[in-house]
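Visitor: Now for the letters of each chain:
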Amino acid sequence: MKIPNLNKPIYLLLQIFLMICLVQQVLAVEKLDYQLEPEQIAEDTYVFIGAKEDFSYENGGNIVNTGFIVTEQGVVVIDSGPSKRYGQQMREAISKVTNKPIIKILITHHHPDHFLGNQAFQDVPIYALAETIKLIKRDGDGFLDNLYRMSGPWMSGTDFSVVEIKALVLKQEKIANHTLKYFKFGGHTSADLVILDESTGVLFTGDLVFHNRTLTTPHADPENWLKSLDKIKAIDFNIIVPGHGEVANNIGPIEQTRDYLVWLESTIKQAVEHGLDMTEVLALPIPERFGSFGVLKREYIRSVSHRYPVYEKLIFN
Amino acid sequence: MNKFQHTFIFALYVSCFNFCFATSQVDPLDSPSWESMHSKILNNEPVIFDDRVQISMPDFAEDPMNVPVSVQVNNLENIEEIVIFADLNPIQKVLSFQPFHIKPYLSFRIKVEQSTPVRAAVRTSDGSWHVGGSWLEAAGGGCTAPSQGRAAGNWHETLMNVSSRSWIKNELGRVRFRIMHPMDTGLADGIPEFYLEYFDVVDAGGSVLAKITTYQPISENPVFTLDINKEILKPINLLGVDNNGNRLNAQIEN
Ligand SMILES: [Zn+2]
Numbered sequence: 000m001k002i003p004n005l006n007k008p009i010y011l012l013l014q015i016f017l018m019i020c021l022v023q024q025v026l027a028v029e030k031l032d033y034q035l036e037p038e039q040i041a042e043d044t045y046v047f048i049g050a051k052e053d054f055s056y057e058n059g060g061n062i063v064n065t066g067f068i069v070t071e072q073g074v075v076v077i078d079s080g081p082s083k084r085y086g087q088q089m090r091e092a093i094s095k096v097t098n099k100p101i102i103k104i105l106i107t108h109h110h111p112d113h114f115l116g117n118q119a120f121q122d123v124p125i126y127a128l129a130e131t132i133k134l135i136k137r138d139g140d141g142f143l144d145n146l147y148r149m150s151g152p153w154m155s156g157t158d159f160s161v162v163e164i165k166a167l168v169l170k171q172e173k174i175a176n177h178t179l180k181y182f183k184f185g186g187h188t189s190a191d192l193v194i195l196d197e198s199t200g201v202l203f204t205g206d207l208v209f210h211n212r213t214l215t216t217p218h219a220d221p222e223n224w225l226k227s228l229d230k231i232k233a234i235d236f237n238i239i240v241p242g243h244g245e246v247a248n249n250i251g252p253i254e255q256t257r258d259y260l261v262w263l264e265s266t267i268k269q270a271v272e273h274g275l276d277m278t279e280v281l282a283l284p285i286p287e288r289f290g291s292f293g294v295l296k297r298e299y300i301r302s303v304s305h306r307y308p309v310y311e312k313l314i315f316n
Numbered sequence: 000m001n002k003f004q005h006t007f008i009f010a011l012y013v014s015c016f017n018f019c020f021a022t023s024q025v026d027p028l029d030s031p032s033w034e035s036m037h038s039k040i041l042n043n044e045p046v047i048f049d050d051r052v053q054i055s056m057p058d059f060a061e062d063p064m065n066v067p068v069s070v071q072v073n074n075l076e077n078i079e080e081i082v083i084f085a086d087l088n089p090i091q092k093v094l095s096f097q098p099f100h101i102k103p104y105l106s107f108r109i110k111v112e113q114s115t116p117v118r119a120a121v122r123t124s125d126g127s128w129h130v131g132g133s134w135l136e137a138a139g140g141g142c143t144a145p146s147q148g149r150a151a152g153n154w155h156e157t158l159m160n161v162s163s164r165s166w167i168k169n170e171l172g173r174v175r176f177r178i179m180h181p182m183d184t185g186l187a188d189g190i191p192e193f194y195l196e197y198f199d200v201v202d203a204g205g206s207v208l209a210k211i212t213t214y215q216p217i218s219e220n221p222v223f224t225l226d227i228n229k230e231i232l233k234p235i236n237l238l239g240v241d242n243n244g245n246r247l248n249a250q251i252e253n
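Here the protein sequences line up with chains A and B, keeping their order. One point on numbering: in numbering that gives the first Met the number 0, the residue at position 199 of the first sequence is 198, and numbering is uninterrupted. One point on numbering: in numbering that gives the first Met the number 0, the residue at position 214 of the second sequence is 213, and numbering is uninterrupted.
For reference, chain B alone in the conformation it holds in the complex (with noise of 0.2 Å):
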């Protein structure tokens, strides 16, 4: 983004500085694209712009393939889901996750097309949506290039391969992990979309510890961080299905 444009939002802001100041439910972001995510990805329902649902990203992305960010929500009771979306991205549902029987962590990588708001959305058991979330600053190219292994054409070999490492910090164990997958976006020219749906983090126990819902704007090859009690049983397991069938099976060794 350049310096007029840096210039231009910041006179938006101004022109909306009177109004935040008097309610909380107007979107401090001020996108434009705010009512219709609150429509199409909120179905609409009550929504408190709250401090306690924090996105950590960088402010732009220097790499549109892989921009990090991290979800945290703190002192929040009842969570059912959070959802994670890009307002200004082509596709801009970008993951959903259910921390069942885990801490409401989560980090991950995305792809992004230009600068957007990045939020995320907890929808809390009396059916009203915390919402918080930040800008990225991006010049773009993230949804439309094609995967690097779409480009090398050797992704099959290595398809829902699983590596995975956990440390134990303070009471609490975190595990990281990578799952080999495309993610094709079905953006890029004559490549379909080829993405993976869903997993379940799932304990020796058989319980479902989260289930995680993944769209297209998750970078390829995804890398996930998640905060677990140590106590948990282990192995973990991991459990999905991606948009052609192919299924991930995999344990989480160490």
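If we strip away everything but chain A, and leave its shape as in the complex, we get (with noise of 0.2 Å):
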């Protein structure tokens, strides 16, 4: 077959690129260095703010916000991120801020990205919802399966089971210097942990909440999320943490969640009702609004999986 000869400058190019791309993709994922670095936001509150990304090779998986309080007692982190190695990473990262002991995990929901680090906090009591608890053993398998798959090598010697993770029973507790709230909410899975630090006002929303990073539905009740938005709101809070992007002192984060979550299941069931099929659904128009969100049309589509079935069961019963 004759090659025409103007291509044969782009082929080479493309090669010469193509090997750039290998190289570079080489030494990120050897390093295996998630480069924590804490950020201070209020008095004794730090978070490590992921990247507004799906898991990948380049990201090892940092895609999710955890934190940590240094109470004058001892340290309590705030999620332990998704896989092993990340949670070694921020303990080095924690010891670099306070020379005081990690006293407590609290986890705020059984999503692989907020616990999959506990295993480098083995020596600390974990807690979580009891409900998140049965949800980690009846989902972690395939979490972890998933995440070996989406971040390779930077998952290694990653296993949940091994770690104890006891139920969080308490609405209120007093450590030291730092009094914490924890509100039991859902509608993002069926638990989800939200916690406020009643001295400096920060709260922890997990992934109730998202900031300029669309939204994930697998495990989602819209309806109750809603609900837990509302009762967010209304919480006396001076700074707001949001599991996924970044942190803000009003209330914008919780408003702009509730508009996108609004706008899907409209968008998804009005489609449903007037006789769309799912690929029709897919290849909506997404609002300019939402355009900046990280992760738009893959979360879309995810979403779409997620949510059309449950109308279109309505629309046939």
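It is possible that part of the hints are untrue.
[To be verified] Distance condition first, Cα-Cα at most 25 Å in a straight line; then the derived DSS-like pairs of lysine-lysine:
#1 A/LYS133 x A/LYS95
#2 A/LYS230 x A/LYS170
#3 A/LYS99 x A/LYS133
#4 A/LYS165 x A/LYS133
#5 A/LYS312 x B/LYS168
#6 A/LYS268 x B/LYS168
[Stated by the list, open to error] To list a few chain A residues with every Cβ distance to chain B over 12 Å, as calculated:
#7 PRO37
#8 GLN39
#9 LYS99
#10 ILE102
#11 ARG137
#12 ASP144
#13 PHE159
#14 SER160
#15 GLY200
#16 LYS232
#17 ARG257
#18 LYS268
#19 PRO286
#20 PRO308
#21 ASN316
[As the list claims (entries may be wrong)] Reference excerpt, derived from the structure (chain B facing chain A, CB under 7 Å, subset only):
#22 SER55
#23 GLU61
#24 ARG164
#25 TRP166
No lab work stands behind these hints, which were simulated from the structure alone. Don't be surprised by glycine CBs; every beta carbon is placed ideally from N, CA and C.
Work from the hints to combine the two standalone chains into their complex.
Guide: Set out below in structure tokens:
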């Protein structure tokens, strides 16, 4: 077959480009360094802000926000991240901020990017809502497979079944100079823990709130989620730490989460009622105001896959 | 699929770039199984890769048991049969659709076991196949998992029950219907294949509007969407059979 001359330089350039891409990927993966930098957002309070992306070989699953509060008695950690390695590096980063011991880990919900770092904290009591512990047992294996597939070598050594998690039953607790209030909400999953540090006014919402990052809905109950957003909005806070996306000092992220969720549900529901099939719903335009959200198209496709069948069942019954 | 595989596939694309440029007879999806699909499913008959044949589906399978797929054929006359297949599925043939008196549009859901091209091949009366399609990325597990009805054990209570809805939109009538059936592939341990084999879509005057032949990769409790001429005599009937001889005989009421 004759190869047109015109294409040869392009072909060569593409080859070189590909080689460079490969080399860069190999280097990033080999270091396996999450480069966690604690960001102070209030007195005694720090967060690690993850990328507004999907799990990948490049980010190693660092797509999530985790945090810690340095009380006079010791450090309380909120969520442990997507891998054993993340947990270890988080612990290392915390030790550069304070030499106080880590005394407690709180897990907001059962999604893998929030609890798979637990192994790095096995010497510390780890707490989650009782329902969350059940859900980890139910879905943990599937999550682990998925993350090994998507984040590859970053996951090595990560296992969830070896770590004991205790049920959090308290509504409130005073740890030295910090009073923590615990809210058992739901809707993103069937158990979502929201934590308010009354001493600083910092509110950790877990994944009930996303900020400039598209919501994930594999276990969502939108009706319950909206109710939880109302309750979160009623809480008196100064700073809000969403599960994904930037920290804020206003109700913006709550309203944004509600806006997208209401749009998503009403769009899919109406489309089903008007006779659109699933592929037609996937092709519907997404309003411009959501255009800057991270992972928009992919999460929209996922959500249609989760939510369309729910509404379809209603029209066939 | 991870980044390395993406890069690899991209590299494959690049390496075939010049070839694709030169002729349209080379598989634009560069599937390793194209040659075998061509002989096994299209009988080595003449093939044209044709943009008028469109598969619409997401580029990845969030739920490998239920991947939505629509096929649409535009401006192509004398269509005899539309065959849907997935090159790298353990069972490749998904469905055959013969639109006798109906628009060449059909949507349904499929089970996939791994990343694969999904294609529609349209045979026209001149004996050639017009082929369109795209790659679907999937982590797998769709074909080797037991159906939910099988797992719950209650599938027989509703077997072959049909629910439907219809709409009138811009001179066209649309029907969507669900047929209750486990659609077991036979690839899950200890569960024999058990699937709907075909059904005819028949109008009230007895004329067959379309014939749909279904294979194991069609999702459990299959849902189909068809666009029909709104003057069609109602009610429409669905008449078919599964591989165990159970009959489908349902009227679409509304
Ligand atoms: Zn989550």
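Visitor: Examine each Cβ of chain B, and state whether all of them lie more than 12 Å from the Cβ of A/PRO37.
Guide: Check passes; 28 Å lies beyond 12 Å.
Visitor: In terms of Cβ atoms, is chain B entirely out of 12 Å range of A/SER160?
Guide: With a cut-off of 12 Å, A/SER160 remains clear of chain B, as the shortest Cβ separation is near 21 Å.
Visitor: Run the distance test for A/LYS133 versus A/LYS95: straight-line Cα separation, threshold 25 Å.
Guide: The given pair, whose Cα atoms are some 34 Å apart, is violated under the 25 Å limit.
Visitor: Can we trust that A/GLN39 is non-interface, i.e. its beta-carbon lies farther than 12 Å from all of chain B?
Guide: Holds, since 33 Å exceeds 12 Å.
Visitor: Is it the case that A/ASP144 keeps its Cβ farther than 12 Å from each residue Cβ in chain B?
Guide: The claim is violated: A/ASP144 sits with its nearest Cβ about 8 Å from chain B, within 12 Å.
Visitor: Interface hint check: B/GLU61, Cβ to nearest Cβ on chain A, cutoff 7 Å. Holds or violated?
Guide: holds, 4 Å
Visitor: Can we confirm that no CB of chain B comes within 12 Å of the CB of A/PRO308?
Guide: Check fails; 7 Å does not lie beyond 12 Å.
Visitor: Once the closest CB in chain B is found, is it more than 12 Å from A/PHE159?
Guide: Answer for A/PHE159: holds, closest chain B Cβ roughly 19 Å.
Visitor: Per the stated criterion, does the least C-beta distance between A/LYS99 and chain B lie above 12 Å, as a non-interface residue requires?
Guide: holds, 39 Å
Visitor: Holds or violated: B/SER55 as interface residue toward chain A, Cβ cutoff 7 Å?
Guide: holds, 4 Å
Visitor: When you look at the beta carbon of A/GLY200, is every beta carbon of chain B farther off than 12 Å?
Guide: holds, 38 Å
Visitor: For A/LYS232, is the shortest beta carbon distance to chain B beyond 12 Å?
Guide: holds, 30 Å
Checked against the numbered hints above, the structure violates hints 1, 3, 12, 20, 21; every other hint is satisfied.
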